[in-house]
Each structure stands twice: as structure tokens, then as C-alpha cells.
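Guided by the hints, dock chain B onto chain A, whose structure is given.
There are 2 protein chains.
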Amino acid sequence: MPAKFRIGKLAVIGVGLIGGSFAMALRKARAVGRVVGVGRTRRNLATALRLGIIDEIAVDAVTAVRDADFVLLGVPVGQMPEVMARIAPHVARHAVISDAGSTKQDVIASARRFLKDSLGRFVPAHPVAGTEMNGAGAAFATLYRGRNVILTPQAETSRTAVATVRRAWEACGARVFRLRPDEHDAIFAAVSHLPHVVAFALVGALARRRNARKLFAFSAGGLRDTVRIAGSSPEMWRDICISNRDALLEVLDAYMEELERARGAIAATDAATLERMFEAARAARARWLVARRS
Amino acid sequence: MPAKFRIGKLAVIGVGLIGGSFAMALRKARAVGRVVGVGRTRRNLATALRLGIIDEIAVDAVTAVRDADFVLLGVPVGQMPEVMARIAPHVARHAVISDAGSTKQDVIASARRFLKDSLGRFVPAHPVAGTEMNGAGAAFATLYRGRNVILTPQAETSRTAVATVRRAWEACGARVFRLRPDEHDAIFAAVSHLPHVVAFALVGALARRRNARKLFAFSAGGLRDTVRIAGSSPEMWRDICISNRDALLEVLDAYMEELERARGAIAATDAATLERMFEAARAARARWLVARRS
Numbered sequence: 455m456p457a458k459f460r461i462g463k464l465a466v467i468g469v470g471l472i473g474g475s476f477a478m479a480l481r482k483a484r485a486v487g488r489v490v491g492v493g494r495t496r497r498n499l500a501t502a503l504r505l506g507i508i509d510e511i512a513v514d515a516v517t518a519v520r521d522a523d524f525v526l527l528g529v530p531v532g533q534m535p536e537v538m539a540r541i542a543p544h545v546a547r548h549a550v551i552s553d554a555g556s557t558k559q560d561v562i563a564s565a566r567r568f569l570k571d572s573l574g575r576f577v578p579a580h581p582v583a584g585t586e587m588n589g590a591g592a593a594f595a596t597l598y599r600g601r602n603v604i605l606t607p608q609a610e611t612s613r614t615a616v617a618t619v620r621r622a623w624e625a626c627g628a629r630v631f632r633l634r635p636d637e638h639d640a641i642f643a644a645v646s647h648l649p650h651v652v653a654f655a656l657v658g659a660l661a662r663r664r665n666a667r668k669l670f671a672f673s674a675g676g677l678r679d680t681v682r683i684a685g686s687s688p689e690m691w692r693d694i695c696i697s698n699r700d701a702l703l704e705v706l707d708a709y710m711e712e713l714e715r716a717r718g719a720i721a722a723t724d725a726a727t728l729e730r731m732f733e734a735a736r737a738a739r740a741r742w743l744v745a746r747r748s
Numbered sequence: 455m456p457a458k459f460r461i462g463k464l465a466v467i468g469v470g471l472i473g474g475s476f477a478m479a480l481r482k483a484r485a486v487g488r489v490v491g492v493g494r495t496r497r498n499l500a501t502a503l504r505l506g507i508i509d510e511i512a513v514d515a516v517t518a519v520r521d522a523d524f525v526l527l528g529v530p531v532g533q534m535p536e537v538m539a540r541i542a543p544h545v546a547r548h549a550v551i552s553d554a555g556s557t558k559q560d561v562i563a564s565a566r567r568f569l570k571d572s573l574g575r576f577v578p579a580h581p582v583a584g585t586e587m588n589g590a591g592a593a594f595a596t597l598y599r600g601r602n603v604i605l606t607p608q609a610e611t612s613r614t615a616v617a618t619v620r621r622a623w624e625a626c627g628a629r630v631f632r633l634r635p636d637e638h639d640a641i642f643a644a645v646s647h648l649p650h651v652v653a654f655a656l657v658g659a660l661a662r663r664r665n666a667r668k669l670f671a672f673s674a675g676g677l678r679d680t681v682r683i684a685g686s687s688p689e690m691w692r693d694i695c696i697s698n699r700d701a702l703l704e705v706l707d708a709y710m711e712e713l714e715r716a717r718g719a720i721a722a723t724d725a726a727t728l729e730r731m732f733e734a735a736r737a738a739r740a741r742w743l744v745a746r747r748s
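Those protein sequences? They're chains A and B, same order as listed. Offset between the first sequence (1-based) and the working numbering: plus 454. Offset between the second sequence (1-based) and the working numbering: plus 454.
Keep in mind that the hints were calculated from the coordinates and are not lab data. Hints may contain errors.
The list treats identical chains as interchangeable, and a pair is accepted whether it falls inside one copy or across any two copies.
What the hints assert, rightly or not - No farther apart than 16 Å at their CA atoms in a straight line, the calculated lysine to aspartate or glutamate pairs in the EDC-like style are these:
(1) K482 / E624
(2) K668 / D514
(3) K458 / E624
(4) K668 / E637
(5) K570 / E610
(6) K668 / D636
(7) K570 / E689
So here's chain A without its partners, still in its complex pose (with noise of 0.2 Å):
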């Protein structure tokens, strides 16, 4: 039987739901000693302190990441490059470090460059999980429970660091996958970024729309349902489309192609092209749930 787990220091830097939660999720399963925190609003951090997320607020990255065994990158992903700057010469020869950003290519894009003798230390990770709610008053521990991490380490990357970022995830109660980064944002483009532009889109749509207010007052659960993730942080997601720019495009143009065969259809008053899309779709959801309970 291998030896428990456990991080001796975990650093988080931003300490949002992602890095909050992973906090969270590691004490409760007693795999880490003690997590010190830093984040850009004082008064977030403070939360994560009382509510026991962290153990000590850092006065900033740099201090944080000086001692600390494990390092997770909570930040949004345009602001990688910065933070990797900062902390790149301060980092301990022996420290993990990763990340739970939602795009890879260009989150290892920035690790190559500012990562300097870490970036053999660092694992790219994306834990697959979240809610619309964002801060440190949203995060709990069992966010990562049953959930997927991708992993996606490059040639360079240690074995024992991807052991350590998989065996960190694992704890939280995650299933750790592999793959490619491009492959990675491809997948995600398709199933994590359009839907969020869609929702922001839809309601953005409906916002502007004259009578909106009487609008929201009739809307039901389907709307509600549909953009329930038009509440996640718009910092978090501009940075995420800019980030993932092609391959999101490449996906939000065959959308936008479907909606304009929908379009066509409506309009030709073509009931039988429009019964058929729609029920390709119900019945791609229905494969779909099915092989997700399998």
C-alpha cells in the first residue's frame, strides 16, 4: 500500500471556488498541513480565512510560494503570464506546481516562457467542475467529487510531478484523465466555452430587448436552466474566449451554422427539416445521458 498522501504546504494563488475548493477538498481529506492563500481583493481573502479555507494570508505571491511544497494557479488565465512571472524565481527547487485553467496551449505557452527551471515542475491541469458562483463564499469541498481533471503534461514535465498533481486531484475525489492540449481545447471549446457564449448571448439578446423586464417577469425554467451559467465571471470567461480564440471560433461558426439551418427552416415555414434537426438533437442527448449514467 503507498505511503498516505500529503502536501506539507499548499500555496493558492487566487483563492476563488476552483482554488477554494481544492483547499477545501484536500484538508478534508487531510492530504495537505497547511494553506497559505493570496488573491487580489483583501476582503476575499478574508473570507477564505474565516470560513477556514486558508490557514494564513500571504502578503503576496511572492511570499507565498517561497516554502510551499504545492503550488495551484487559481487565477484566471490571462492572468497566468503575470503570475508565473512573479513567482518563477521564488519557487522552491522541490515545489509541484499547476494550474485549473479551462484552456491548456495557452497556459503552457506562458509556463515555457516565464516558467524558467520550474517548467518541469509544472502540470497543466483543468479540473472539470464549477458552478456560476465565483469567490471564496462559494467554494466547498465536495465541488470535485466524481468530477474530471485533464491533465495534459508536456515532453519536459516530471513523472513524479504528474504523479503528485494526480494524486493531489485524486484526493479531492476527482477522476484524473490525460490528453493532448490541443486536443484538450478543442474538446472544451465545443462543450464548456460556446455553451457559456451561447447563454451570455441569449440573455444578452433578450436585455436589450425593449420590454425586457416583462420579458424576465414571464420566463420560465427552460430559460432559467439554459442560462444558469450566464452568472459565471465575465473576467474569467473574456479571458478563457480570448484564450481559446480558434478553436472556439472553429465551434461557435458550425453553431451559428446550425442556427442559421434552423433559421431557414422557420422561415420557409419547412416543418419536416425542422422536426428532423430537432430531433437529431434530442436524440444526441438522449445517447449522450445514457452513456454518461453507463
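Same frame as chain A, now just chain B:
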């Protein structure tokens, strides 16, 4: 205190989620005596009978309505003309007729054309409730509790008939509102019909991708909620889209423009515009949720 509201015999034409739940809710409220059901498939009617949703399967719509006090048309809106034409000569002279269609101008046009002498006792109605499931097996007695039902009576609609339909829906636990048919159709094009087209198109576009199976395997809660309503009946939604074509095309175009704006910002890596759009959407959703709670 008014006399207790009670329907002697209810005829449900189309015993699906909507018509079945109406019958169940009335029975639970002890507001109905006998329920007869008629529909296209024997199997669904047998389910309705077994579940106690209906007391009797009528051989056809004509037989069902002959001595009914209340006739509920629970069929997809595309079938309204045919059903109305069939039952019109046979509905009792005191009977109230109502529907549960998601579009109103089109249903009213059918009523004017086919209901003849019964037109004054026809109360166009839209219960704003449902799930992505359908059929009698999906019906449940509390579907309408706290939900809105919109009535769109016309100049010739009898006030007694309107009062009866209002009391029936109130007995189901619903809140009853009145709107003009054109206003109704514009509102629901935006908050219900458009989101369904969006959800069907999103699943449809993903299902066409080469790696569709892998995509769905890695999808998470965001996509799942966004496309829940793509599980809805293709036939029903085909009919709604055609029936409410003009209002739907107008909001669909507004949505596609919003998507184009987002696409342009992503393509131009215009982070500021993208964040502004996402923030406006998030704020609108937040205001909407606050308004709904109060």
C-alpha cells in the same frame, strides 16, 4: 364564500405531460368528477388509465366531448385546426373549451375558423409549465403549482367561460394572468421558443462534429443545463416554431446579431468588448433572479 369549484366531466384531448397533469391536479383538488381521455396512441392512454390520470379511454374525440363540461385541448398546436374541426359539431352547448398551446394568435385563428357556435366558450390559455419529458407517464399533479397561466380571451369570449377556466387553473395551484395574444406570442417567442431553438441547435451542432462522442463524454454541468430543453418533443416544438414564426424570427435575428457581436470581439481579441457584453448579461440575469424572488 363562493361555491366550491367543480367540473363534472372533463375531456382531455391529448393526455400528455400537460393535459395529464391538468387532470391530476384537478382531481387532487377534488375539482373534477370524471375524466375521459383521447389520444393518438393506445399505449399512452393505457398508461394514463393505469396511473389514474383518466377514468376512461374514449373511442374518439367526438365521443369524448359529447357530454363533457370542460374540454381541454392538450395537443401540439399544429393539430389544433383538425381537432377543433372534428369536435365543434359535438361539444355540448354549455361546455367550456380551452387549450394549453404555447402560441396563441395561431390557435385563436383556428378557433375562429373551426369552432363555429362554440367560439364564445373557447378560452385560449397557455400554462407556462412543463419539463423536457412528455407523455402521460411524465405527468404529475403539482406541475402547475405556483406557475403562471396566461389567458388571452377575445372580445367574443364569454366572461363565464373565462371565469371557469381561471378557477380551474387556480384549483391546480397556478397564478392566472391575461395578455393580448400578440403580446403573449412576442414574449414567449423570446423567453421560451428562442431558448428551445438555441438548445436544439447547440446539441445539433455538437452532434455533427467528428468527435461528438468524445465531446459529450467530457461535457459537464454547464452544457447539461444549457441543453436540458433539447430533450423536449420535436413535434411539439416544430409546431410552435412554425405557429409563431414571425415573432420567433424577430428575436432569433436579435440573438444572432448578439452572437455576431461576440464572435467579432473574440476574433479581434477585443477583451474589453467581450467583458462588457458578458457583464451586461450577468447583470441582467442577476436583476431577473432578484425580481423573481420578490
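Structure-based check of all given hints:
no. : hint        : verdict
1   : K482 / E624 : within (13 Å within a copy, 49 Å between copies)
2   : K668 / D514 : neither (47 Å within a copy, 41 Å between copies)
3   : K458 / E624 : within (12 Å within a copy, 61 Å between copies)
4   : K668 / E637 : between (43 Å within a copy, 10 Å between copies)
5   : K570 / E610 : within (12 Å within a copy, 80 Å between copies)
6   : K668 / D636 : between (44 Å within a copy, 14 Å between copies)
7   : K570 / E689 : neither (27 Å within a copy, 59 Å between copies)
Consistency with the previously given hints fails for numbers 2, 7, ordered from lowest to highest.
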